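Residue numbers (the numbering used here), protein chains in the order written: chain A, 1 to 383; chain V, 384 to 770; chain W, 771 to 937; chain Z, 938 to 1095.
Please keep in mind that the hints were generated in silico from the structure rather than gathered at the bench. A couple of the hints might just be wrong.
Straight-line alpha carbon distances no greater than 27 Å define the calculated DSSO-like cross-link-like pairs of lysine-lysine that follow [as the list claims (entries may be wrong)]: (1) Z:Lys1080 / W:Lys788; (2) Z:Lys1078 / A:Lys75; (3) Z:Lys1080 / A:Lys135; (4) W:Lys919 / Z:Lys956; (5) W:Lys788 / A:Lys116; (6) Z:Lys1080 / A:Lys116; (7) A:Lys102 / V:Lys660; (8) W:Lys906 / A:Lys135.
Computed footprint of chain W on chain V, listed as stretches where at least three residues anywhere in the stretch have a Cβ under 8 Å from a Cβ of chain W [unchecked claim]: (9) 396 to 406; (10) 525 to 538; (11) 577 to 583; (12) 630 to 640.
A short, non-exhaustive set of chain V residues, derived as facing chain W with CB atoms under 7 Å [stated by the list, open to error]: (13) Pro504; (14) His505; (15) Ile511; (16) His516; (17) Thr517; (18) Thr518; (19) Glu519; (20) Ala557; (21) Asp561; (22) Pro563; (23) Gly568; (24) Gln743; (25) Gly746.
Note that this is a predicted model, so its numbers are computed, not measured. Ideal Cβ positions, reconstructed from N, Cα and C, are used throughout, including at glycine.
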Amino acid sequence: MNRRVGIVSMGYHGFSAVTPDLSYRELVYLAASKAYAAAGIEPQHVDMFICAAEDFCEGYSISDEYCNDQLGAVKKPVQTVCGEYLQAIGNACMLIQSGLGKLVVVEAHSKASNMKTHDDVLSFGMDPIWNRPLKVTPHFVAGLDMHRYLLDTGTTEEQCAAIVVKNKANAMLNPSAAHAGRFTVADVLRAETVAWPVNRLSIAPRADGCIVTVLAEESLARQLNSSPVWITGTGWATETTALETRRWGSAPSAEIASQMAYKEAGITVPSQQIDLFEVDDSYAYRELQALEALKVFGKGQALHALDEGRLGPTGDCPVNVSGGSLGVGHLLEATGAQKLLELFLQLSFKAGERQLPDVTTGLAQAWRGVPTTTSAVVICSNE
Amino acid sequence: MGYNKVACVGAGITRFVRRAKETGRELAWEAAKMALDSAGMTLKDIDCVVMGTAPDAFDGVHMKGEYLADGSGGFCKPYMRHFVGGGTGVFAPIHGWQHVASGKFDTCLVVCEEKMSSTFPHPQGAFITIFDHTTEQALGPTLIWIFALEMNRYMQRWGLSERDVAKVSVQNKANAIDHPAAQLGQKITVEDVLNSEVLAWPVKRLDISPASDGAAAIILTNEHKARQVTDKPVWVSGVGWCLETAYWATRDLYYPVYVEKAAKMAYDMAGIREPDKEIHVAEPYDPFDYKMLHHMEGLLLCKRGEAAKLVADGVTARTGRLPCCPSGGALGVGNPIAATGLMKIIELFLQLRGEAGKRQIPGDPRVGVAQAWGDLMQVGTVVVMNR
Amino acid sequence: MLNEKLPGTPMSSEEFEKAITIEDHPALEYAWDDGVAIGRYLKELKNGRIVARTCSGCDRIMIPPRMFCELCWRPTDEWHFVKDTGVVNTFAVTRVNWDASRRGPNEPPLMPAVIEIDGASKGMGILHLLGDVDPKKVKIGMKVKAVWKPEKERTGAITDIKYFKPY
Amino acid sequence: MAFTERLTRNVDMTAWHGKIPVHYRYTLGLAGEKFFTALKKDGKFLATRCDRCGITYAPPSVYCERCFDALDTWIELPPTGTLMSFTVVTEDSSGHALKEPQIIGAVQLDGADTVLIHRICPHCVDCLCPGARVKAVLLEKKKRAGGINDIVHFEILE
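Put together the whole structure using the sequences plus the hints.
What follows is the structure, encoded as structure tokens:
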């Protein structure tokens, strides 16, 4: 990357199951005011703003109209990206590397609690001719994918349940986690089936929350923050639209996205060069599937790393120490932002009780959920 | 500015029609394939894909960007969808510019698509949900209301008559006769416009562009790649975008400040100081006839309140000093929202290469500006191109 | 050069009606949290009053009220009641409903307008409807007053004001 | 930097209810029209072939997503295939419990390189395994309306 981009600050609010006392404007203002205060800036100093949002999550036909007032971005260059937060971070880096902007803010929020018919909205994402008329829960896509993944890798339902146990336990040390808890594998396996082999407890429950990131070009970043967290690599990819033509049981989009990011960050052996991972766990099996797509482990090897305790907070390859989406809650388009936030807190040594010792490099990877095949990756470092 | 130069090297467009048999995915493919063929390129030559498409409520699919991915060439590629209301069509090349100017990618396929005909009882019904859900939607508003409110304010502020405004519709719909994608190219008179059904006074049927299905695509590359692909690259020399407050009823609608701010951002980048003299061809956004005038002023192509005079004096005709909407605009070619803006970018691309056929303006046009508008009278997206 | 034969397959409305199509009535339903400012705005509408918020940074009196000033980027200071009268900034007269269906011959036209509310900052308007006035007589700059629903019919909504009429 | 006041009683926390009030009628598309007309009239399964990539798309597509070639080679495939994966769902598309679980499978028709997503016969639960041979069960001709539900489900072949 010709110009280094630094994360100066991240402001966040919410991460609770519901936020009934705040309108979406008020929720975003609170997160933005924390981010700007931590960076010591006013919104008029900011060159560009990017919001990650989807119309039908907000309940508007043109939701980008309503994103700038609460960011203080009136009469400013503001663009809405209908994609994962980590894609918007990649876009912000491009704005800075193009030289068009020095100070860029990226925002996303979840007001999932305001969606009365969440499953209907998700089903409305299916192809209307080939898939939607089957009229079954959208989680069927994850059911087909998980089943194929178990067959291809020999991973068991018990191991996927162990991911739920690990992440919800990690979340006990995260004050911003809505769905923490102590569970056993047996508890998780006892949960009701939704789309076998996917059951209720292995689906990341939803949460409300907003996250605002302040990014700056290298020299400005150093002025605003004595030790910013650097973004050393970004990547994103979409496999395909169709359920009919995708490679079931694997995550090619995560693989392609990570190759892009690794190339920029100069990473050749992820498991050795990256100290912590915050990867997609919107369904428990996806954490293992993602680690293999990211080439952290070989195909069918992630399960051994799990069994040997390597993925835990004290392991040599800590994954989702924040609690992940299973523990913190799924934040719609802001899901990747929560993963990036954990990297920022860990690499700034501000992660409190769950702080990992001497960490320098972290990777965040997020997926946009059913029925999509879009993944995004951001690699950060504090060197 | 340390960015890489970015050029447009290819373009493709489908017909704009009231109802298309194709699915949105198929429409996107038709335009994207034509753009690749026009540049002699294949999907292998494309590093990344940018998709611009407006409300999901039109095609009727949640996360519509994901739904259109395979038809847009996004298979196993970096693919990102942006959405800034009606401004999406001209923001698409800006988003593509960001991908290439940063140096992260060498080539970018920019695709815009809209299929409005799936929406019932009428595509216009999807517009009730652009208003504030708590303080406005209960009044039963539709998009035409806000245009009528703005048109009335604009005409009242500058003392214009409905007749002055109607001339824009006459000019653009006539220009569209020469555009192969046109849905409503036709010879009409000012009287036809004045006598057409009043939808929301002062807006009448022939003051408005139609709801349409359609797709368009262009290919952007860096300078090195552009030289390999064509000997007539058209450079994206200026980009600008600006979003006003959502509290639209607290701003005076007669002048689009957000268009001016976006235009100045683009002009500064392109080194243009006197747009009314240095611009050779313009494609202001014209979903309604008065809107072309409104945006000509926001683009600083003339003094405030004087755009109507330029149209009346033939200055904006294809043979005039400053041709505006030689393509036929949204009024004539059609208005599949996101694809409309990109149709205007494609018109600049063809005009500046002297390849606009029957629509070609005389002389040697070297600098053009295209603009789109959207949201609640709120977003301006402006691109300057030059050869 | 755009060749004459562009892709795209148009269908007439007859062809569309004859063709096989897949129909879907999605349930896309929401309950948006009002929050502090809009929550109070709706409560006061139920009480027959219009409440605004003030900002000492830019001296604006803002409706609809908001807990932050988007221009000064600071919290707004106080609640402030404004009048239920105002001035027509602009208006339209329409016989078309939200879904493009036409209003019946004996149905009066809808007259949407931006009404600058007295007591709020200059130019601070809201969208509402005009009523009880001949469309030909409506002028920009006309002074209008809110006509409220009877108290027991008010629910805490912008429609608790039926319309604004000249006074 | 926060607000001068917050809501501190849950009874003051109100919400405004609303919805997106439009509905939809989708065309089948160029590929869909051909596929569903053949299925409706003759109970036949059509596919398209991309010769450059050596891929047969079933269900068909008029373009190849990989190389972007136009696909105008139409072929007919048998109604039989192989079950690549399946899942047992307990909820409908609104998240409400189904009266009884349904099985959704990814079926690769013989001769196809892609899968068709559809229901699997609920009575075949015990002989369900990926790799199983399946056959399409269609509605009788006069009941077929042209759509994916013209297929009742795929049954497992012993």
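Please check whether the segment 577 to 583 of chain V has three or more residues whose CB lies within less than 8 Å of a CB on chain W.
holds (count 3)
Was the hint right that glycine 746 (chain V) lines chain W, CB cutoff 7 Å?
violated (19 Å)
Sort out whether lysine 116 (chain A) lies within 27 Å of lysine 1080 (chain Z), counting only the CA atoms.
violated (35 Å)
Given glutamate 519 (chain V) as an interface hint, is the shortest Cβ-Cβ distance to chain W below 7 Å?
holds (5 Å)
Does isoleucine 511 (chain V) pass the interface check with chain W, least Cβ-Cβ distance below 7 Å?
Interface hint status for isoleucine 511 (chain V): holds (5 Å vs cutoff 7 Å).
For the hint on aspartate 561 (chain V), does the least C-beta distance to chain W fall short of 7 Å?
violated (10 Å)
Chain W contact restraint on glutamine 743 (chain V) - CB to CB distance below 7 Å:
violated (10 Å)
Holds or violated: are the alpha carbons of lysine 788 (chain W) and lysine 116 (chain A) at most 27 Å from each other?
Violated: lysine 788 (chain W) and lysine 116 (chain A) sit about 36 Å apart, past 27 Å.
Hinted contact histidine 505 (chain V) with chain W - closest CB pair below 7 Å:
holds (4 Å)
Verify the proposed pairing of lysine 1078 (chain Z) with lysine 75 (chain A), using a straight-line Cα cut of 27 Å.
violated (60 Å)
For the segment 525 to 538 of chain V, does the count of residues with a C-beta closer than 8 Å to a C-beta of chain W reach 3?
Holds: 8 residues of the segment 525 to 538 of chain V have a Cβ under 8 Å from chain W.
Interface hint check: histidine 516 (chain V), Cβ to nearest Cβ on chain W, cutoff 7 Å. Holds or violated?
holds (6 Å)
Of the numbered hints given earlier, the model fails hints 2, 5, 6, 7, 8, 20, 21, 23, 24, 25; all others are met.
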